[in-house]
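Order-wise, the sequence lines are chains A and B. Just so we're aligned, residue 1 is where the first sequence starts under this note's numbering, counting upward by one. Just so we're aligned, residue 1001 is where the second sequence starts under this note's numbering, counting upward by one.
Only true hints are included.
Simulated coverage check for chain B against chain A, where a stretch passes if three residues somewhere in it have a Cβ under 8 Å from a Cβ of chain A:
no., region
1, 1076-1088
2, 1092-1103
3, 1135-1148
Chain B residues, not near chain A, derived (Cβ > 12 Å throughout):
no., residue
4, M1001
5, D1002
6, Q1003
7, Q1005
8, A1006
9, A1008
10, T1012
11, G1034
12, G1037
13, A1114
14, I1120
15, V1121
16, A1129
Derived by calculation from the structure, the hints in this document are not laboratory data. Where a beta carbon is used, it is the ideal one built from N, C-alpha and C, also for glycine.
Protein chains: 2
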Amino acid sequence: MDQAQARAWLTTAVDEARQGLAEGGIPIGAALYGADGVLLGRGHNRRVQDGDPSLHAETSAFRDAGRQRTYRGTTMVTTLSPCWYCSGLVRQFGISRVVVGEARTFHGGHDWLAEHGVEIVVLDDPACAAMMEDFIAARPELWHEDIGAD
Amino acid sequence: MDQAQARAWLTTAVDEARQGLAEGGIPIGAALYGADGVLLGRGHNRRVQDGDPSLHAETSAFRDAGRQRTYRGTTMVTTLSPCWYCSGLVRQFGISRVVVGEARTFHGGHDWLAEHGVEIVVLDDPACAAMMEDFIAARPELWHEDIGAD
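Taking the hints into account, I'd like the entire structure generated from these sequences.
Here is the structure:
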C-alpha cells in the first residue's frame, strides 16, 4: 500500500495510544479501516482502565467496529507489532493488511501473518517507539503483565 | 492431565454454551481454571447478545477472570477447538493447557499450540459435537460470520 496513506492512518492509532496514556493506561492504539478507506473502528489498550486483559489495542478497535460480514480488504493499523493474540485475530478474520507503527520494542506475530498472506507494512515510526520505550522503562511490571511474560 | 478431571471441567464450558444458545447466541462456551484447580473465569460467545465480535467463548472466559499476573499452570476448557484468535490468546499469555470438547465441526489452532508446548486434551465429546452440528445446520450464515469465513 501507499506509505503516505499508511502514515496518515497511523495518526489515528497514535491518537488512541496517547489517549490511553493520558488515562493512566498502556499506550498502544489501533484503528481498523475498511476496504474503501472508511474508519470502521478505533481503540486502545484498556487493561488498566477497565481491568480488562482482553482489550488489547487491536481487539479494542475490532470490537468498536462491531459485527462485520467480511474483513476482506480491511487494514488493521496499530502503533506496535501485534502480539500472538492480536495476530491470531487478524488471521482468523481474514483482515487483509496490517500497518505496524514500530516493531523495535516488541516483535509479535507479523512475520507469521506475512507468511499467511497478510500484507504487512512496518513504518518504524520513532514517535511510536519512543512512547513504548518510555512506558516500558517506567512501568515494566505492567508491560510484562500485558504480554503474559512471567 | 487426568481425563476425568478434564471431563468434569468441560461441564462448566458446556453449561456456558447452553446458556448462550438459550440467549439466541452461538453455542460455544469456555472456562479458565487456575493451576490450583480453582475456576478463574467462565463465559460464552456473545456476538449476537452484545453485538460484540471480540467475545468468543475463550476470550469471554479470559476477560471474566480479570487481570492475572501469570497464566502458568492454567487450563482453558472450551467446547470447540479454538480458532486462531483464541489460539493466539493461549500462546501469548502462556496458558499451559487446553481441554477441547470437540474438533470435528471445526479444527482451529490446537495442533499449532501443541507444537509450541501447550498440553492439548481433545475429548471428542458427542454432546458438544451435536450442539455445533445442529447450530451450523440451522444458522450457517451466523457461524461463518463468527469465524470470518466469506
